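Engineer: Residues per chain are reported as follows:
There are 4 protein chains.
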Amino acid sequence: MKLRDMSHAGQRRVFLEQQTATSLKHIGTFTVDEAVAGTRNCENMIGVVQVPLGVAGPLLIKFQISNSKFQTKSQSYYIPLATTEGALVASVNRGCRAITESGGAHVSVERIGVTRGSVFKKEQIAHWLTEHFSQLQDVAHATSQHLTLLRYDVQETGKYAFIRWYFDTGDAMGMNMATIASQKLADTIGQQTGMRCVSVAGNYDVDKKPAWINSILGRGRTVRADVVIPKAIVASVLKTTPQKLEEVWRVKCMIGSGLSGSMGFNAHIANVVAALFIATGQDPAHVVEASQGMTVVEIDEDGLYCSVTLPALMVGTIGGGTGLATQSEALQLLNCCGEGKSDEFAGVVAGAVLAGELSLLASLTEGSLARAHMKRAR
Amino acid sequence: MKLRDMSHAGQRRVFLEQQTATSLKHIGTFTVDEAVAGTRNCENMIGVVQVPLGVAGPLLIKFQISNSKFQTKSQSYYIPLATTEGALVASVNRGCRAITESGGAHVSVERIGVTRGSVFKKEQIAHWLTEHFSQLQDVAHATSQHLTLLRYDVQETGKYAFIRWYFDTGDAMGMNMATIASQKLADTIGQQTGMRCVSVAGNYDVDKKPAWINSILGRGRTVRADVVIPKAIVASVLKTTPQKLEEVWRVKCMIGSGLSGSMGFNAHIANVVAALFIATGQDPAHVVEASQGMTVVEIDEDGLYCSVTLPALMVGTIGGGTGLATQSEALQLLNCCGEGKSDEFAGVVAGAVLAGELSLLASLTEGSLARAHMKRAR
Amino acid sequence: MKLRDMSHAGQRRVFLEQQTATSLKHIGTFTVDEAVAGTRNCENMIGVVQVPLGVAGPLLIKFQISNSKFQTKSQSYYIPLATTEGALVASVNRGCRAITESGGAHVSVERIGVTRGSVFKKEQIAHWLTEHFSQLQDVAHATSQHLTLLRYDVQETGKYAFIRWYFDTGDAMGMNMATIASQKLADTIGQQTGMRCVSVAGNYDVDKKPAWINSILGRGRTVRADVVIPKAIVASVLKTTPQKLEEVWRVKCMIGSGLSGSMGFNAHIANVVAALFIATGQDPAHVVEASQGMTVVEIDEDGLYCSVTLPALMVGTIGGGTGLATQSEALQLLNCCGEGKSDEFAGVVAGAVLAGELSLLASLTEGSLARAHMKRAR
Amino acid sequence: MKLRDMSHAGQRRVFLEQQTATSLKHIGTFTVDEAVAGTRNCENMIGVVQVPLGVAGPLLIKFQISNSKFQTKSQSYYIPLATTEGALVASVNRGCRAITESGGAHVSVERIGVTRGSVFKKEQIAHWLTEHFSQLQDVAHATSQHLTLLRYDVQETGKYAFIRWYFDTGDAMGMNMATIASQKLADTIGQQTGMRCVSVAGNYDVDKKPAWINSILGRGRTVRADVVIPKAIVASVLKTTPQKLEEVWRVKCMIGSGLSGSMGFNAHIANVVAALFIATGQDPAHVVEASQGMTVVEIDEDGLYCSVTLPALMVGTIGGGTGLATQSEALQLLNCCGEGKSDEFAGVVAGAVLAGELSLLASLTEGSLARAHMKRAR
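Residue numbers (our numbering), protein chains in the order written: chain L, 697 to 1074; chain C, 697 to 1074; chain A, 697 to 1074; chain W, 697 to 1074.
Everything labelled a hint here was simulated from the structure, so no lab data went into it.
Model, not experiment: these values are computed from the prediction.
Check each hint, because a few of them may be wrong.
Intra- or inter-copy, both count: the list cannot distinguish identical chains.
[Claimed, not checked] Simulated crosslink set (DMTMM-like; lysine to aspartate or glutamate; CA at most 25 Å straight-line): (1) Lys880 with Glu1062; (2) Lys940 with Glu797; (3) Lys1037 with Glu713; (4) Lys818 with Asp849; (5) Lys880 with Glu713; (6) Lys940 with Glu997; (7) Lys855 with Glu942.
My request is simple: use the sequences and hints to build the entire structure.
Structural biologist: Given below as structure tokens:
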């Protein structure tokens, strides 16, 4: 009997334990609903991996969300971080404290839309698309009431036309909805123009590969957070000075990144995003897009100004892994579970990333990064 | 009382449940050892997140590991994948079947070394470093018997010298060991030359940011896998033809990635790496480096040739999250747990990525990607 | 007496000949009008450099220019190339022959607009710009009747807002007009909003630096040229086969460029553009943007398909060096001198680049590149 | 009769004047030796293009050339700039004055070697190359006594091995010599291993395309120049303050370039390099590599520190266009003509680029860039 023919996680575990002479006892201990997880989230399910979950905070955030009810909202959050890398939660925690004591981070969220970049064989589709856009919007919307085709970009080269569709997918991250809609759009275009769709996903999205197009045009949401930390709090919480922190930022995040051919002008956005994404049931491969962010530090008359911009944040508060028992609880901890919460959640990610950047840059000014790791290693 | 002053996950959960009016029941249900996880892996621990774990395989791999006992090893693996994204395990599973039925994937692993790029204020350190390299090797080795300073690159610009240290860290991923050693090296250089270390981590590593230097010079390990799939198996398992799959690769992974300013010339390496990394206790933020890989497809007289190259794979089989109960079991499933297993594990990652690339590219030739998502969504 | 105080090239030459004990006889022999050249084109003029000028062709081109009278034009050109690098003219010449014998190249020209990326200190200018755009268009137009502000992109990060203005500058390349207009726009924005312009040129244009934003969004003009070369002409003129040429393209221009972290997926666009630019009085530093183009080769049922796309071509047929005696003659040779000719000239550049790509790729299939250089060296 | 069958520039001009109904009188007026230029530099020669030549300077340079007799040399230069873009010479001239009044620029030159990246079909050549390197050095040297194979890098992906050869080519820029040697190396490798060379130039060089590999590993020469401009001279010559200039640099060259996906973190290196290259008979398409440089500005206790690093400068003082009458005179003006002068010339390029960066950045602080263009336009 083969794995895919077995119907339960337990049956598969027994089979694998025999085949590989191992014990999968801990993997087999779980409370998430196998009927759902094994169908929607994970084929050939044998159990779960337990990822330690810590919290940082409270983190005070002042929202500015375009066209949203959170426009003036000011709220405090405990940030759930699932990680196996020691020192990360402690570092973000320190950053939260610096921000919160400084009156909170300003956060803005801009909806760009989920993109899917399909490629067709035949040039000069641009004119046809302009003329049929409203029809294509109808085709897309018919695939899901939660999905709207917002706009598109076209790039033609050789015999190929690459179309980058932008979809609003409500509170879902929406990559799968976007793929389904893109397929329908491709079918429609094929029927009406005779153009063949070479690939519904043509690396012009670009999904889960580092790519400048995502930094320059955005993807999912573009989120920003900034704060001014008064000099006294820089000293008391971050144990450094604005001058030292600015120098590390300039030399590391700007000159160092520039010399390395980097797309990420930041300290460690990926760490914070990975931990928050795993905690809340996001797609962890989207850490790639998030890592392309830019951190900017400036010495301010009032202390230290720091900002982060993540041009391509892919998140949702429904769908994907967000409904699983533990992930759902982590979202509830943020009061960001379900419908109408994705913009707020995107803002929380920006705020947490800001906390992480401040804390790591501060550590680097004094060599305390190595000390933190040495201490834990003992 | 503040979070950081509480000593147990349970205490923190109760506090947070009260503060946020939520239930954290599932987060509180776990079997990993809190005494270890809460100290080494995750501060302010409140429990765990359960990530569904599936398996793909068996996947037959034929190893060629430089200077290693696995050189002629041929072995079959069940690949543990922790994911909340439906269709991924099924997709990799299909790729495994195509590879295994074709006689297995050839896999090679090359140790590059963990890098840390420190930056110093003062030019023209190159000559001094050449003369003192053996002393610096001693300084580095004194920080850990498992760490060896292999070599370094230097780049000077303005008043700054960026040094990229390459460390062998045995079977540990080794980023923290590398940081500790780099700090000692910085201290030594400071004492002997008067040069000030601006930052022990100067984005010349580059850690967890997409960067061309990692593609060009490698980081951690460079791994490769390739296979020739006979035409009949392309038809029976992948449901396509070599010609169609080659076209999708060329247009998507090459032309599409080129138009997008991408560093990743592949289909979805990040998906497979993220799932394998979470399953086995790797650092999930290193998905960023992994996503920079290149897939190459070619029509072969015998069928379809496909290869993947991941220039910068950061993995370990000791340290980090590898010792946690569920993660350790997942590594044991691969017989890749503990000392002497990291090269083999790196090879398994390459093989699994190859399976994922073949399967997704095949799906895209026929529009079945969208159908797979539609089916699950019902 | 200092150089800048001297009023004639001859006076400066005598001074320099004495200061440096050299003879500048040839530099002093010229026919361009010193009164104009020394005022508009070159301060401290001492004479000219003579760059050998060759011609390739005839090259048959079939135009498709958006909104233009050349839409159905089919025309033959002799391409003037100013170069000191032997073999270049001969190579382009061969490519022209292959194209012309195949019935000519299809060429299209799309006007993107000259860009200038100014940077302001203060966030959230986006809304203000939307509301005042028509006023800003008036401000821009008032600086020159030949200039129109078409649109803009805004990117905000930290305390800075980068605005990328797009100007139509008629038949002039227009960089200087764009700078003057951008300064006026900055003054107006400053007066009305209090925002300070940090730099009128903020590397968000991006002018004369390789940058993905120019590939992705275009700059100046986006031009394309393609052709199908029948198998027999591939053999007789290019001395190769479609299969061999396609392989060199795929491995060199796609895989090789991908491995190198290149923005240019082509063989040698820069060579052809540099020679044509110097011949016709264009700004040779814009070779940088032109080098970012992509060449696509495909085996066609009728032979060999080849296309080039230059996303960011900066050219003009009035202003700059186009009015100098020899440069003007070179433009007249193309019947592309003066008003109303810039779109046609842009198309000629695309066609010439296509010829150069075909010929070099063909040379590389057979090792004849080295032979060509060896022959000349004797 | 066809162009290529005609033996003299005059004959071709007459033919073209008739064919195109134009006058090529000025193109036909020249003093360069047609017998040489028409054979070595330019096929189908019809005459010359006259590019106005100006001079900037004097520019005081203090050399540090690795392993060179110029190590302690301090020398003043008049910089020849061939350009049709008004304001450029004046701008460089101002920068020269600021540098010279500040005691001169420190310049260093490091020989990297000309690269040619050949690609072979077959993996795992690395071991064979190591074992046969000294034989390959002999093969390369046999093609020219002026050429030495220094080292190589190998990158393997799919079925392809890309080899990046590094050659010392003495005082010649050496691209053609490198191609000839690479062809011989490919022949030798083919004969001894059976591996087929797909392309002797595989975009792993990378020649005349913007590419990160050139920034990271260098190409030709890596040159650096820096200077400290005292505050008083910043005010008197550059008409600005260190603070203002540093802000423009940071926001434009670092943040702006970072947002744009740029490889060039500078103000306008390409302008200065293009003008110097055309003046002195260099290959102007190599402006592409030069444009990838980085400028670093820092506020210094003594005033303003500024440096430029050009990682990939391709220059020569023999061969190419350097022997043509006017180009040779321009090199003589620098006392950089012929054998033993290429390192010094490379250093002069670095110094001139530094002058250009200082002057343009200063202009941008005050909006005087636009004023300079407005004045000229009148």
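Engineer: Now look at each hint and say whether the structure bears it out.
Structural biologist: Taking the hints in turn, this is what the structure says about them:
| no. | hint | verdict |
| --- | --- | --- |
| 1 | Lys880 with Glu1062 | between (56 Å within a copy, 13 Å between copies) |
| 2 | Lys940 with Glu797 | within (20 Å within a copy, 32 Å between copies) |
| 3 | Lys1037 with Glu713 | between (42 Å within a copy, 20 Å between copies) |
| 4 | Lys818 with Asp849 | within (16 Å within a copy, 29 Å between copies) |
| 5 | Lys880 with Glu713 | neither (43 Å within a copy, 45 Å between copies) |
| 6 | Lys940 with Glu997 | both (15 Å within a copy, 16 Å between copies) |
| 7 | Lys855 with Glu942 | between (49 Å within a copy, 15 Å between copies) |
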